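Residue numbers (the numbering used here), protein chains in the order written: chain A, 266 to 593; chain B, -8 to 640.
Worth flagging that the hints you see were computed from the coordinates, not collected in a lab. All of these numbers come straight from a predicted model, not from anything done at the bench. Glycine included, each C-beta is placed from N, C-alpha and C at the ideal position.
From the structure, some residues in chain A lie toward chain B, with a derived Cβ separation under 7 Å:
1) P314
2) I342
3) N345
4) A350
5) E428
6) S441
7) V460
8) V462
Facing chain B, according to a computed beta carbon distance under 10 Å, are these residues of chain A, among others:
9) W315
10) V340
11) F374
12) W442
13) A471
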Amino acid sequence: MYTVRTRNTTRGSRRIFVVLLAVLALIVVGCAEDDSRGSQTTIKLAVNPWNGSAANVAVAAQLLESELGYTVERVDIDENAQWAAINTGDLDASLEVWPSGHAQNVADFIDSADGNVDNAGLIGPIGEIGWFMPTYMVDQHPALATWEGFADPELAGLFATAETGDKGQFMSGDPSWTIYDEQIIANLNLPLEIVYVGSEAGILAALDSAYSRQEPALFYFWTPHSAFNTYDLTRVALPAYSDACYATGDAGGIDCDYPEDVLFKIVSRDLAENAPDADAFLRAMSYSTADQIQMLSAIENDGLTVDEAAAQWIEANPDVWGAWIPSS
Amino acid sequence: MTAVDGVRPGAGGLRAAWRGGPARFALVLGGMILLVAAFRILTDFGVFPESWNIGLADPIDRARRWLITNQNSHWLYTVFLNPLTDTMDWAIRRLESLLKWLPWYCYPLFTGLGLWWTRGRIAGALGLAGVTLIGVLGLWNEAFATLALMGVAVLVSMAIGIPLGIAAWHSDAVARITRPTLDTMQTMPGFVYLIPFVLLFGFGRVPAMISTVIFALAPVVRLTEVGLRTVPQSTVEASEMFGATERQTLRLVRLPQARPAIFAGMNQTTMLAMSMVVIAAFIGAGGLGQVVLQAMRSINVGKASEAGIAIVVMAIILDRFSTGVATADPGDDLPAIRWLAVVTAVGAVAGGLAGLNEFPKALGWRFAPYVNSLTDWARDNLYDIGGSGIGTGPFSDFVTTQLVIPLRELLSSGIPWPAMIGIGVVLGLWARGPRLAVGIGAALAAIGLLGMWELSMDTLAQVLLAVAATLAVGVPVGIMSSHNDLLRTALRPVLDFFQTIPSFVLLVPVITLFHVGRIPGIIASVVYALPAAVHYTDLGLRRVPTETHEAAESFGATRAQRLRQVEMPLAAPELMVAVNQVIMLILAMVVIAGLVGGGGLGLEAVRGLRRSDAVGRGFEAGIAIVLLAAILDRLTRAVADRLRPPAAV
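Chain A with its partners taken away, still in its complex shape (with noise of 0.2 Å):
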């Protein structure tokens, strides 16, 4: 019985070694196939969670890989997981940078002396990000266009639903963005209560299904957005946004509107080195908020990839993408 099953067990390991050698060969005919040694080939852009993001990315890789020969990973990630990833170099660049919520990552991974983060010039889009609800709200109740109407727990209540019980309610969407609704209720007393609705497509069903029976809505938005052509939207008058409101931020102090946004791209420090061209086109990348509206608005009311839309644009605007190529 013993001899029996050593000899099994060799058998079995031979065959086992026989596979694992195949498997090795296989391997090395695959490195031979693609050397990521050397200069770099691959450039990882970070993809945020909206779409704006997502048609910059497409415009970027599609140039990348068509005028300039590289291959490009698209790389889902959250605003602010990025910015460590791009500091090491597991990612490459982000296109569309909203400064308001990223103070303290500039402070630490461009500004500071440790920083391997570089700020890459504008992407064009100026964004403004804000409170939002359908216009026939301020027709009904003229006193909401203001921050002042919420303040009365009346109309404030007309935004009222089974989970917020008395209190108005916010709809916020992906906890990663950048939210200060939190400090902003707080802080001007107002009788509302934000309940996360989880991403940007989650806050435009509930939007669409409140539009479609004239319900209320409020909700954390921003543009430029495509929604602005179907849905007829008025953003709610804030207490207008001051540096020194914001300086409050970090106590819980806000109590004013989100700032302009002038979005921004951010490059590793490396990718200059390492992929020359690539960096060269990703910093002179930048167009005019029209341009993404156009794509934005056919992958949302025509149903177009965001691949598609990218295309299309690309393929109508080659004087715009021309002057971002690096002669060479």
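Using the hints, position chain B against chain A.
This is chain B only, laid out in the frame that chain A set:
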């Protein structure tokens, strides 16, 4: 498939306790009500005082800031973590590019042959069809990214798990450490693992792989140890008689004998790893999980279900193959399989050299549009059917205002916190004894000290409601299925499907049908946990010996009497195991639902995972989730043991 049945042997000698159970239970209940009433009258305790918060969040946030700013310079990173990360990343990428180098057709063929070899012709044909389906759905590249990551994760789990299992078998000291650690690891919702790994390793495939390993490690360690322990003494003695050294005996006798158990461990490890596919996508695993997450962000039910089905197909193939390997017996088909395997292998290398690696686009077909139009229809028509006030919208409001909010308020402020801890202690005392009681009391107090009391009670309220709903539906279905083989056969694939499908995929359609808030999460978790409730109820009732049925019938018991008075009490321990599994599944899901408006601990954990300024709080929430899970798990297991009658023999 979710976890090893965590059933411990009955404590023995509990006959008296079991007989006196209901009376003592009533006493306990009465005591608790008195306790609550006393606190309510005598004190003004409500929510756990915020000033007692020990504030773990700040030091963690400071540590995190230190970590990220030193990532490029500190020796811990430059000498140790970064090379480790790079090597593993390299291995995963290599494996992925190798998998993609091989021509597409060799995958359905090899899978088909493998399943034919292990399970027979029909399984082989289904395997071939399943793999082709993944390609047809256009998820080929994503599937390989997932397969490569899972492959490396399973290999690493084995490389760590088998030696660890051997060590635990060899030394009681090691076993004393590994066993409780593995217990804890298995009760933690997978989501919680991610925070510390993001902290240490950042974002990408490697942290995703490592957290998968940690989540999936337990079964292979445990079953290696069990396998070695159950090797018959006589075999070992025989080998020693031949003069084999201890090492030789281990290598040549014990390990081969323990092989079936080790294979079973591998199988369960693989299945657990597959259940992490979507969760790991949160920190950059990519692949099929990422498709599901993207679909969830764009509320694309069709796309999510396509990717979900691809994951289910992959999991089922891996499961069937790995459970079959140990017992493979192809009989007369063996020569044919061998011959075909050689042909396929040659064809594979030839095709790889010829560059036939892309799945042909012409074979593409999507069912996403159909699913999407179905959900659109459901959203427009089921929300409030004909304006009658009946529909998913009003239902969601009703449950929120009548059940969720009152229960949450009762737990978080209605019952004063000291009374809540008191209830926990009394339950622990009743279920097992002083040790459990102290443990529960300490865990509850710790939740309060972390400043997570209110959020934990919010989560607990959702869990309790979902558990009640799951049992209300699952137990009756389980009873029916235990009496009806036809129903059971019909249910089985449905149950398998819902148990294997990643929980996120269930969330997507539910959020389109119900109001945002806590309801979608509760409903999705009920759907997710139902299979376990049905399965364990069925299993428990089927274990009741037929002689008992006959005896009951000979006494003239009706079917209902027999069920109520004979079968249910006898199956009670199994039913408690069902409750235990259901609670753990639901807790994991409710946490995930924090992502879509579920609030509670889940939202805090998600935020910690995704916002650099909230890591500390997320970490605290993670600990609270683990503590809550541990309390619920130990308590239900203790009750199951209590109900277990003393061994019949």
